[in-house]
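Going down the list, the sequences are from chains W and P.
Everything in the first sequence is counted per the UniProt record's numbering, starting at 1 for the first residue and increasing by one.
Everything in the second sequence is counted per the UniProt record's numbering, starting at 1 for the first residue and increasing by one.
Mixed in with the good hints, there may be bad ones.
Unchecked claim - Some but not every residue of chain W turned toward chain P, in silico, with C-beta under 10 Å:
#1 F35
#2 T232
#3 V250
#4 M256
Claimed, not checked - With a straight-line Cα cutoff of 35 Å, these simulated DSBU-like cross-link-like pairs (lysine-lysine) come out:
#5 W/K16 - P/K231
#6 P/K218 - P/K85
#7 P/K191 - W/K16
#8 W/K43 - W/K274
#9 W/K43 - W/K265
#10 W/K265 - P/K191
#11 P/K85 - P/K25
#12 P/K218 - P/K231
#13 P/K31 - P/K188
#14 W/K265 - W/K20
#15 P/K218 - P/K233
#16 P/K231 - P/K25
#17 W/K288 - W/K20
#18 P/K233 - P/K191
#19 W/K288 - W/K278
#20 P/K188 - P/K233
#21 P/K191 - P/K231
#22 P/K233 - W/K20
#23 W/K288 - W/K43
#24 W/K265 - P/K188
#25 P/K218 - P/K188
#26 P/K218 - P/K237
#27 P/K87 - P/K237
#28 P/K87 - W/K132
#29 P/K31 - P/K218
#30 P/K191 - W/K17
#31 W/K20 - P/K218
#32 W/K265 - P/K25
#33 P/K85 - P/K237
#34 P/K237 - W/K132
#35 P/K233 - P/K85
#36 P/K188 - P/K237
#37 P/K188 - W/K20
#38 P/K188 - P/K25
#39 P/K188 - W/K17
#40 P/K231 - P/K31
No lab work stands behind these hints: they were computed from the structure.
Beta carbons are placed, not taken as given, at the ideal position from N, Cα and C, and that holds for glycine.
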Amino acid sequence: MEQRLSNTWRMTINEKKFIKTSLLADLRVDGRRPFDYRRLIIKFGSEDGSSEVQLGQTHVMGVVTSQLVQPYRDRPNEGTLSIYTEFSPMADPSFEAGRPGESAVELGRIIDRGLRESMAVDTESLCVVTGKLVWSIRIDIHILDNGGNLVDAANIAALAALSTFRRPECTLGGEDGQELIVHPPEVREPVPLIIHHLPIAVTFGFIGEENIVVIDPTYFEEAVMGGSMTATLNTNGDVCAIQKAGGVGVLPSVIMQCLRLASVKAGDITNIIKNAVKSFNTERSLRKIKRHNSSVIDVSETAQKVDVKFSTNHVNRLKLSEDSRVAQGNGMEVDGQISQKEGTSKRDSSAKSFIGGPSSWDPHSKGIDPDALRASFASRVVLAPTEKLEDSKVDEPTDIEPNQPIVDDNSYISPKEATNTKSKTNEEKTLIDAIKPKHRRRRKASSQH
Amino acid sequence: MEFVSPEGLRLDGRRPMEMRQLRAKIGAVDKAHGSAYFEMGNTKVIAAVYGPREVQNRSQQLNDQALVRCEYTMANFSTGDRRRKPKGDRRSTEISLVIRQTMEACIMTHLMPRSQIDIFVQVLQADGGTRSACINAATLALADAGIPMHDLVTSCSAGYLNSTPLLDLNYVEDSAGGPDVTVGILPKSTKVTLLQMDSKLPMDIFENVMQLATEGCKAVANYIREVLLEKTKERQKFHGV
Numbered sequence: 001m002e003q004r005l006s007n008t009w010r011m012t013i014n015e016k017k018f019i020k021t022s023l024l025a026d027l028r029v030d031g032r033r034p035f036d037y038r039r040l041i042i043k044f045g046s047e048d049g050s051s052e053v054q055l056g057q058t059h060v061m062g063v064v065t066s067q068l069v070q071p072y073r074d075r076p077n078e079g080t081l082s083i084y085t086e087f088s089p090m091a092d093p094s095f096e097a098g099r100p101g102e103s104a105v106e107l108g109r110i111i112d113r114g115l116r117e118s119m120a121v122d123t124e125s126l127c128v129v130t131g132k133l134v135w136s137i138r139i140d141i142h143i144l145d146n147g148g149n150l151v152d153a154a155n156i157a158a159l160a161a162l163s164t165f166r167r168p169e170c171t172l173g174g175e176d177g178q179e180l181i182v183h184p185p186e187v188r189e190p191v192p193l194i195i196h197h198l199p200i201a202v203t204f205g206f207i208g209e210e211n212i213v214v215i216d217p218t219y220f221e222e223a224v225m226g227g228s229m230t231a232t233l234n235t236n237g238d239v240c241a242i243q244k245a246g247g248v249g250v251l252p253s254v255i256m257q258c259l260r261l262a263s264v265k266a267g268d269i270t271n272i273i274k275n276a277v278k279s280f281n282t283e284r285s286l287r288k289i290k291r292h293n294s295s296v297i298d299v300s301e302t303a304q305k306v307d308v309k310f311s312t313n314h315v316n317r318l319k320l321s322e323d324s325r326v327a328q329g330n331g332m333e334v335d336g337q338i339s340q341k342e343g344t345s346k347r348d349s350s351a352k353s354f355i356g357g358p359s360s361w362d363p364h365s366k367g368i369d370p371d372a373l374r375a376s377f378a379s380r381v382v383l384a385p386t387e388k389l390e391d392s393k394v395d396e397p398t399d400i401e402p403n404q405p406i407v408d409d410n411s412y413i414s415p416k417e418a419t420n421t422k423s424k425t426n427e428e429k430t431l432i433d434a435i436k437p438k439h440r441r442r443r444k445a446s447s448q449h
Numbered sequence: 001m002e003f004v005s006p007e008g009l010r011l012d013g014r015r016p017m018e019m020r021q022l023r024a025k026i027g028a029v030d031k032a033h034g035s036a037y038f039e040m041g042n043t044k045v046i047a048a049v050y051g052p053r054e055v056q057n058r059s060q061q062l063n064d065q066a067l068v069r070c071e072y073t074m075a076n077f078s079t080g081d082r083r084r085k086p087k088g089d090r091r092s093t094e095i096s097l098v099i100r101q102t103m104e105a106c107i108m109t110h111l112m113p114r115s116q117i118d119i120f121v122q123v124l125q126a127d128g129g130t131r132s133a134c135i136n137a138a139t140l141a142l143a144d145a146g147i148p149m150h151d152l153v154t155s156c157s158a159g160y161l162n163s164t165p166l167l168d169l170n171y172v173e174d175s176a177g178g179p180d181v182t183v184g185i186l187p188k189s190t191k192v193t194l195l196q197m198d199s200k201l202p203m204d205i206f207e208n209v210m211q212l213a214t215e216g217c218k219a220v221a222n223y224i225r226e227v228l229l230e231k232t233k234e235r236q237k238f239h240g241v
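Model the full assembly from the supplied sequences, consistent with the hints where possible.
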């Protein structure tokens with residue numbers, strides 16, 4: 001509460017009056033009609049599980065990370081989901097650094113209630129060992145710019161980040177079948193979360209004595225309004241949460257009307273999120289092709305992966321064809337290596353690739369471009385902790401993951417398209433790239449369990 | 001778990017549309033300008049109001065209206081498992097905010113510019129519906145302090161378990177994971193000022209549950225009026241008018 005008034009910008013009486021009188025004529029300061037939503041743009045970072053939402057002037061970032069923890073004693077077979085909000089003074093001078101203020105707590109609680117109490121995320125599937133290990137999913141919400149209606153934007157950011165998030169796959173193995181193996185993303189495709197439905201928050205502002213209702217209030221309208229209501233609904237027409245914390249009184253009939261309106265808006269927003277996630281997923285699978293190219297170990301992992309590798313190499317070759325002949329030589333070399341490996345048994349090949357035999361790369365060859373070399377080094381470093389797990393993994397039957405066909409589909413794309421996406425992923429750096437990926441480090445630590 | 005028996009009785013023997021017993025007492029804290037004690041079944045809360053008084057922190061002073069502050073705390077012994085809760089955890093911060101904004105809407109703050117009103121609510125025993133009980137107690141305390149208000153805000157919760165709408169949930173019903181709708185109304189105009197809900201509920205059922213909670217609020221409002229009237233008569237007698 002102390003933060004509430006200390007640093008706030010106060011609107012002049014004239015401005016307030018202007019907004020109120022123009023609303024009586026169904027006009028809003030930004031040219032919208034009372035029940036129009038602002039333009040919603042959803043962007044994703046290069047990492048899985050990060051999103052950036054732009055709702056008009058409002059800018060919110062959501063990042064999802066996971067960690068293996070011990071479950072709560074009263075719920076031994078359920079993973080946990082927690083939401084943390086960060087209101088940076090950069091976004092609004094009235095936000096103070098340090099402890100989360102009242103508005104930050106309220107925002108977190110609204111989103112938390114919408115997501116958790118309505119069981120939007122399947123927490124039971126996050127259980128690894130009952131009573132011992134579960135995945136703890138953490139959603140961090142950063143407000144980058146406050147242009148009004150933070151709740152809706154933050155909620156969308158959380159949903160978008162959750163729907164693109166993938167946790168590393170883990171299995172139980174070892175001699176006694178109790179050892180936990182966390183597979184790095186290079187070895188096994190990380191698994192997405194199970195999300196039953198998307199609870200969408202829609203905020204209404206009530207302005208003036210006449211109780212004019214506006215949807216998605218802006219920063220200026222928030223300064224004028226006497227109260228607001230956030231309704232969280234999904235596309236099935238269920239109400240997942242409502243928050244109307246005091247403020248002006250509203251007739252129950254108006255509330256029901258708002259709910260019906262919110263349900264329509266929730267449908268629209270769900271479509272936007274789903275489309276954004278879909279295009280992210282296709283782009284992601286395209287990017288994966290590139291990743292396989294640089295890591296040699298994947299070549300020998302499964303027959304299918306070899307197949308993918310083949311086609312990517314093909315794409316790669318075509319792409320590089322206008323480059324120097326040296327680069328082409330490189331492609332040929334990898335090609336030869338694949339055909340050689342195809343003959344050997346799987347166990348053999350994985351062992352060989354593991355040692356990192358001469359077939360993986362040739363340091364003396366002049367034909368290798370520095371990028372590929374660096375990538376192959378990087379892949380080796382990342383994979384180092386899995387060494388001790390390797391023997392148990394070899395005996396396991398190779399399961400073909402449901403995600404695999406997607407990759408297959410995309411391998412048919414024309415070389416031109418492939419180069420396009422490659423350059424796009426390189427260029428398009430968002431704010432999310434500036435953040436150090438936390439969960440990678442955690443995953444390594446947790447693999448020692 | 002069965003929350004409504006085939007005979008139509010709830011776990012504590014109430015009917016689905018029945019409220020818990022209400023008890024209220026005005027004047028629980030001697031030092032405060034206004035105070036009240038409110039009971040809803042086994043939920044017991046105490047509220048104290050200080051003000052209108054000078055603003056303690058000058059930077060917070062408002063020149064056109066009174067500053068309302070609220071603090072909600074739960075006693076360590078109020079719940080079944082006795083545990084020290086950190087002051088200012090997320091839940092109590094949110095409830096403080098909700099109570100403050102609800103009371104702010106009914107206090108005529110424009111009559112007391114450059115002053116401050118403090119509301120303190122303390123939960124002595126928690127058995128579900130602490131939010132509602134606190135709002136009711138705060139209303140009584142504000143009325144006792146003689147602070148001008150548009151209306152008496154009252155609050156009540158309702159839920160939906162075993163496909164039956166239930167009025168005024170207790171702790172067991174509240175923690176069952178079903179929907180919980182807390183409504184606060186201004187009884188004269190039946191306008192809804194506070195509305196909170198969690199869990200999932202189809203829209204048409206929600207309307208029914210909200211209606212039920214609103215009826216509960218009206219019952220609370222009648223009771224609160226009675227208590228206030230009684231207190232006034234008592235004072236009248238005391239002063240020999």
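Hints versus structure:
no.	hint	in the structure
1	F35	violated, 18 Å
2	T232	holds, 9 Å
3	V250	holds, 5 Å
4	M256	holds, 6 Å
5	W/K16 - P/K231	violated, 42 Å
6	P/K218 - P/K85	holds, 33 Å
7	P/K191 - W/K16	holds, 24 Å
8	W/K43 - W/K274	holds, 12 Å
9	W/K43 - W/K265	holds, 20 Å
10	W/K265 - P/K191	holds, 25 Å
11	P/K85 - P/K25	holds, 28 Å
12	P/K218 - P/K231	holds, 20 Å
13	P/K31 - P/K188	holds, 31 Å
14	W/K265 - W/K20	holds, 24 Å
15	P/K218 - P/K233	holds, 23 Å
16	P/K231 - P/K25	holds, 9 Å
17	W/K288 - W/K20	violated, 53 Å
18	P/K233 - P/K191	holds, 29 Å
19	W/K288 - W/K278	holds, 15 Å
20	P/K188 - P/K233	holds, 23 Å
21	P/K191 - P/K231	holds, 27 Å
22	P/K233 - W/K20	violated, 44 Å
23	W/K288 - W/K43	holds, 19 Å
24	W/K265 - P/K188	holds, 33 Å
25	P/K218 - P/K188	holds, 9 Å
26	P/K218 - P/K237	holds, 29 Å
27	P/K87 - P/K237	violated, 42 Å
28	P/K87 - W/K132	holds, 30 Å
29	P/K31 - P/K218	holds, 31 Å
30	P/K191 - W/K17	holds, 25 Å
31	W/K20 - P/K218	holds, 32 Å
32	W/K265 - P/K25	violated, 46 Å
33	P/K85 - P/K237	violated, 44 Å
34	P/K237 - W/K132	violated, 67 Å
35	P/K233 - P/K85	violated, 41 Å
36	P/K188 - P/K237	holds, 29 Å
37	P/K188 - W/K20	holds, 26 Å
38	P/K188 - P/K25	holds, 23 Å
39	P/K188 - W/K17	holds, 28 Å
40	P/K231 - P/K31	holds, 18 Å
Checked against the numbered hints listed earlier, the structure breaks hints 1, 5, 17, 22, 27, 32, 33, 34, 35; every other hint is satisfied.
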